[in-house]
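Let chain A serve as the given structure and place chain B on it in line with the hints.
Quick note, the sequences are listed as chains A and B, same order. Numbered by the numbering used here, the letters in the first sequence go through residues 2 to 199 in order. Numbered by the numbering used here, the letters in the second sequence go through residues 14 to 629 in order.
Some clues are possibly wrong.
Keeping only pairs whose Cα atoms sit at most 20 Å apart, straight-line, the calculated SDA-like set for lysine to any residue is [stated by the list, open to error]:
#1 A:K167 with B:F194
#2 A:K3 with B:E622
#3 A:K167 with A:L19
#4 B:K120 with B:V217
#5 B:K602 with A:G108
#6 B:K25 with A:L29
#7 B:K16 with A:L29
#8 B:K236 with B:P293
#9 B:K580 with B:K543
#10 A:K167 with B:E56
#11 A:K175 with A:L19
#12 B:K336 with B:D348
#13 B:K451 with B:K543
#14 A:K22 with B:S531
#15 B:K25 with A:T174
#16 B:K568 with A:G14
#17 A:K125 with B:S374
#18 B:K321 with B:L295
#19 A:K167 with B:G361
#20 A:K165 with A:K60
#21 B:K369 with A:P4
#22 A:K22 with B:E56
#23 A:K119 with B:D375
#24 B:K602 with B:T626
#25 B:K369 with A:Q189
#26 B:K254 with B:G361
#27 A:K167 with A:Q189
#28 B:K369 with B:D348
#29 A:K60 with B:A277
#30 B:K543 with B:T408
#31 B:K16 with A:T174
#32 B:K602 with B:V572
#33 B:K369 with A:R128
#34 B:K297 with B:F323
The set of hints was computed from the structure by calculation and includes no laboratory data.
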Amino acid sequence: MKPTRLIIVAVGGQGNLLASKVLGEAALLSGVPVRMSEIHGMAQRGGVVESAIVFGDAKSTIISDGEADILVGFEPSETLRALNKCNAETIVITNTAPLPPFTVAIGQGVYPDLDQIKSLILSKTKRLIALDATSLAKASGSVMSTNIVLLGALIGTGRLPIPKEKMETAIRTKTKSAFVEANLSAFQRGYDVAMAGE
Amino acid sequence: MHKLLTNSPGEKMLLLGNEAIARGAIEAGVAFGTTYPGTPSSEIALNLFQVSHESDLYFEYSTNEKVALEVAAAAANSGVRSFCMMKHVGLNVAADPLMTLAYVGVKAGLVILTADDPSLFSSQNEQDNRYYGKLSGLPVLEPSSVEEAKDMFISALTLSETLGRPVIFRTTTRINHSSAFVTLGPILPRNPRGDFKKDPFNLVTVPAISRKLHVRLLESWEKARSLAETSPHNFVEGDGKWGIACSGVSYNYVSDAVRELGIADRTRILRLGFTHPAPPDLVKTFLSGCDTVLVAEEGEPFLEETLKAFAQEAGLTLPISGKGKDRFSRLYELDPATVRGVIAACFGVENRAGKKMPDLSDVPEIPQRPPNLCAGCSHRATYYVVKKAAEGMDTIYPSDIGCYTLGFMPPLSMGDFVLCMGASVSTACGFSKATDKKVIAFIGDSTFFHSGLTGLVNAVYNNHNFTLVILDNGTTAMTGHQPNPGVDMQALNLQGYGRVSIEAVVRAMGVPHVAVISPYKVKKSIETVKEALDFKGVSVVIAQEMCTLYAKTLKQLKVRAFKVTDKCKNHRNCITEIGCPAFYLDGDKVRIDADVCVGCAVCAQICPENAITPVK
Numbered sequence: 002m003k004p005t006r007l008i009i010v011a012v013g014g015q016g017n018l019l020a021s022k023v024l025g026e027a028a029l030l031s032g033v034p035v036r037m038s039e040i041h042g043m044a045q046r047g048g049v050v051e052s053a054i055v056f057g058d059a060k061s062t063i064i065s066d067g068e069a070d071i072l073v074g075f076e077p078s079e080t081l082r083a084l085n086k087c088n089a090e091t092i093v094i095t096n097t098a099p100l101p102p103f104t105v106a107i108g109q110g111v112y113p114d115l116d117q118i119k120s121l122i123l124s125k126t127k128r129l130i131a132l133d134a135t136s137l138a139k140a141s142g143s144v145m146s147t148n149i150v151l152l153g154a155l156i157g158t159g160r161l162p163i164p165k166e167k168m169e170t171a172i173r174t175k176t177k178s179a180f181v182e183a184n185l186s187a188f189q190r191g192y193d194v195a196m197a198g199e
Numbered sequence: 014m015h016k017l018l019t020n021s022p023g024e025k026m027l028l029l030g031n032e033a034i035a036r037g038a039i040e041a042g043v044a045f046g047t048t049y050p051g052t053p054s055s056e057i058a059l060n061l062f063q064v065s066h067e068s069d070l071y072f073e074y075s076t077n078e079k080v081a082l083e084v085a086a087a088a089a090n091s092g093v094r095s096f097c098m099m100k101h102v103g104l105n106v107a108a109d110p111l112m113t114l115a116y117v118g119v120k121a122g123l124v125i126l127t128a129d130d131p132s133l134f135s136s137q138n139e140q141d142n143r144y145y146g147k148l149s150g151l152p153v154l155e156p157s158s159v160e161e162a163k164d165m166f167i168s169a170l171t172l173s174e175t176l177g178r179p180v181i182f183r184t185t186t187r188i189n190h191s192s193a194f195v196t197l198g199p200i201l202p203r204n205p206r207g208d209f210k211k212d213p214f215n216l217v218t219v220p221a222i223s224r225k226l227h228v229r230l231l232e233s234w235e236k237a238r239s240l241a242e243t244s245p246h247n248f249v250e251g252d253g254k255w256g257i258a259c260s261g262v263s264y265n266y267v268s269d270a271v272r273e274l275g276i277a278d279r280t281r282i283l284r285l286g287f288t289h290p291a292p293p294d295l296v297k298t299f300l301s302g303c304d305t306v307l308v309a310e311e312g313e314p315f316l317e318e319t320l321k322a323f324a325q326e327a328g329l330t331l332p333i334s335g336k337g338k339d340r341f342s343r344l345y346e347l348d349p350a351t352v353r354g355v356i357a358a359c360f361g362v363e364n365r366a367g368k369k370m371p372d373l374s375d376v377p378e379i380p381q382r383p384p385n386l387c388a389g390c391s392h393r394a395t396y397y398v399v400k401k402a403a404e405g406m407d408t409i410y411p412s413d414i415g416c417y418t419l420g421f422m423p424p425l426s427m428g429d430f431v432l433c434m435g436a437s438v439s440t441a442c443g444f445s446k447a448t449d450k451k452v453i454a455f456i457g458d459s460t461f462f463h464s465g466l467t468g469l470v471n472a473v474y475n476n477h478n479f480t481l482v483i484l485d486n487g488t489t490a491m492t493g494h495q496p497n498p499g500v501d502m503q504a505l506n507l508q509g510y511g512r513v514s515i516e517a518v519v520r521a522m523g524v525p526h527v528a529v530i531s532p533y534k535v536k537k538s539i540e541t542v543k544e545a546l547d548f549k550g551v552s553v554v555i556a557q558e559m560c561t562l563y564a565k566t567l568k569q570l571k572v573r574a575f576k577v578t579d580k581c582k583n584h585r586n587c588i589t590e591i592g593c594p595a596f597y598l599d600g601d602k603v604r605i606d607a608d609v610c611v612g613c614a615v616c617a618q619i620c621p622e623n624a625i626t627p628v629k
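Next up, chain A with everything else stripped away, as it sits in the complex (with noise of 0.2 Å):
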């Protein structure tokens, strides 16, 4: 099976690992190989924890400059910082809800503006999905599944080896028990924004 490369950006406590860990269950009841790795070092400090992730035959588990398939992140500063993973044939898929870092408030950058944000990555990737995730999460029941609409949005893009039941058969046994019913709600809402083409 060729390799499929995603890397997923996040800031430390949105979710993110375990996004990774239900993509990775999903992966395995569908028999595609799959590899992960993940820098989590200092993500509870509010620092920006990096997945990749690879589908396929490949036995790297890093995914070089240039070189995703698909994006996902779920804060858009972060999706643009990660631009230089992507290249000309790259999905992406980002919030569109901020998360303006300390050094803003403290007078050390600007947070770039979102209709920027989006227009850069489109005119340098090949499709840009941008949706509120948190908006959805919060309809869902949850703000907590925030990682799992953008989950929603991955898998409504067909670009995954990964069915859809076999995503949410890992969401039903790989996240809370309290959390299913809002996790499911939450990756219908994105699956449904990828599918509609916007």
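Here is chain B on its own, set in the frame of chain A:
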């Protein structure tokens, strides 16, 4: 039941590298584990610590890596299969017992794991610990993947018992923190009780005995070298004339690159997993089949030097390269594209496999998101207090290893010199003698027990003049909230532990001025710290406040969020002096994110307008 105790051989499980290694230890019948926590190795210990609560595995968080290795050395010399794990710099701390334990050997298997950190994701250096194999004369095993890590651990334990020596198991961050499907194997029974047989003429390392033991170590090294010849962890793939030698995660990048470049029919890959001592016959046969050889390895030219030495012995003159111009760097970790590019350049093939990064020159500067002390972190309060107390003084702030190292960042800017665990205290000794500045050192509770004690004894004995601030947040926070000797284990529902009071230890050392502060009480703490700073000689301030993140985890945190009221006149002391991440700017207005604020009330105490008040 802990998932790593699952007794169903053949089952596939998605495991983190560190979980796979812990599972390998369980399958290998390890009955005794010791560690001092350190990223990227921490989750191995975390899992074994949990397993120890529901099985007869003994596991302890030792006070430092030297202690951990000595504790494990005794267990292994009592016939109990043992495992001692640490991060790469931890092996420097444990190097003293390591070097002589290599002479003495073990009666049951002992695996010493060093988790190296190329690219310094969470470390103060990126040293290559494979050299500890050469230095000590002990074998080194290095897995290339998560699945192999589990199985290779079992081989390492077996090898240790075959040789009667400890074996060094070397991982890198990309093994520890990668995940993959791992097939579970059978679990060997554990034998947690051993016996020690007196044998002083082989176990007491006075010079006359050690001279004899060194002879045996070299014999064991020869035996290890012959075992490396037939080890399943060392193999050659392909029979082309272009040789590529690799170990660890580099093998993955080499394999993928050879496939992507379409040169499998022309290459010959030597993958060494049992890297030290390297097998001379296997390597020489590999070299003699090649026209040219590229060595793909992270870090130092460890394999490269070995291959060049073997080529010389075999009278081979083929070009062998690895590190250098147009080849690999000794800096940072490797990645698939870099390895593909160097292979293409070395053998003169076109590199069409890579995809191009877009031109990013029109992307505006994105504000940085550095790791930061958490909202309400007691370290922030202590730093603010000390900074205020030291106003007007010409200061040097030696700091140490932990979350609190982050205090060196603006706006706190508290931290001028950091070396290694415990060095804040000892460098404070040196700075205070060599300069006329006021020296104020910072160390965390766990780090103080790890290696701050000896520095403080030195300070009292040699009559140094500085203030040591011990940041006691009741846990080993940075590595994931492991316990330490100052922690009340009963409060964590863990029985059978003692507890050491930092204050009692400091007083018993004879420190002439000791004070304890609650850093959230800002004004009172500033006064107490001022007194300590004015003291001539060694003074110690112990700042006691539970880590907020840990308190949250334990559900002990009663959050009472604060808000900025209309009384705010935009002095912005809250932002510019303490920099808590709960603050944000709403246009020109300072606001507090009530979801982030934990209610430490430090900002409320420093606001000149008293404009910060509880939400309810």
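Pair hint K119 of chain A and D375 of chain B, alpha-carbon separation not exceeding 20 Å: Holds: K119 of chain A and D375 of chain B sit about 13 Å apart, inside 20 Å.
Restraint status (C-alpha distance of K451 of chain B to K543 of chain B at most 20 Å): Satisfied, since the Cα-Cα distance of roughly 12 Å is no more than 20 Å.
Pairwise hint evaluation, T626 of chain B against K602 of chain B, where the allowed Cα distance is 20 Å at most: holds (16 Å)
Hint consistency between K568 of chain B and G14 of chain A [alpha-carbon to alpha-carbon, up to 20 Å]: holds (17 Å)
Agreement of K165 of chain A and K60 of chain A with the hint, judged by alpha carbon distance not exceeding 20 Å: violated (25 Å)
20 Å limit on alpha-carbon distance, applied to hinted pair K369 of chain B and D348 of chain B: holds (15 Å)
Agreement of K25 of chain B and T174 of chain A with the hint, judged by alpha carbon distance not exceeding 20 Å: holds (16 Å)
Hint consistency between K125 of chain A and S374 of chain B [alpha-carbon to alpha-carbon, up to 20 Å]: holds (11 Å)
Given hint P4 of chain A paired with K369 of chain B - CA-CA distance at most 20 Å: Within the cut-off at roughly 17 Å; holds.
Agreement of K580 of chain B and K543 of chain B with the hint, judged by alpha carbon distance not exceeding 20 Å: Given pair K580 of chain B, K543 of chain B is violated - Cα atoms ~31 Å apart, limit 20 Å.
Pairwise hint evaluation, V572 of chain B against K602 of chain B, where the allowed Cα distance is 20 Å at most: At roughly 24 Å apart (the allowed maximum being 20 Å), V572 of chain B and K602 of chain B break the hint.
Pair hint outcome, K16 of chain B versus L29 of chain A [Cα-Cα no greater than 20 Å]: holds (17 Å)
Hint check: violations occur at hints 2, 9, 10, 14, 19, 20, 25, 32; the rest are consistent with the structure.
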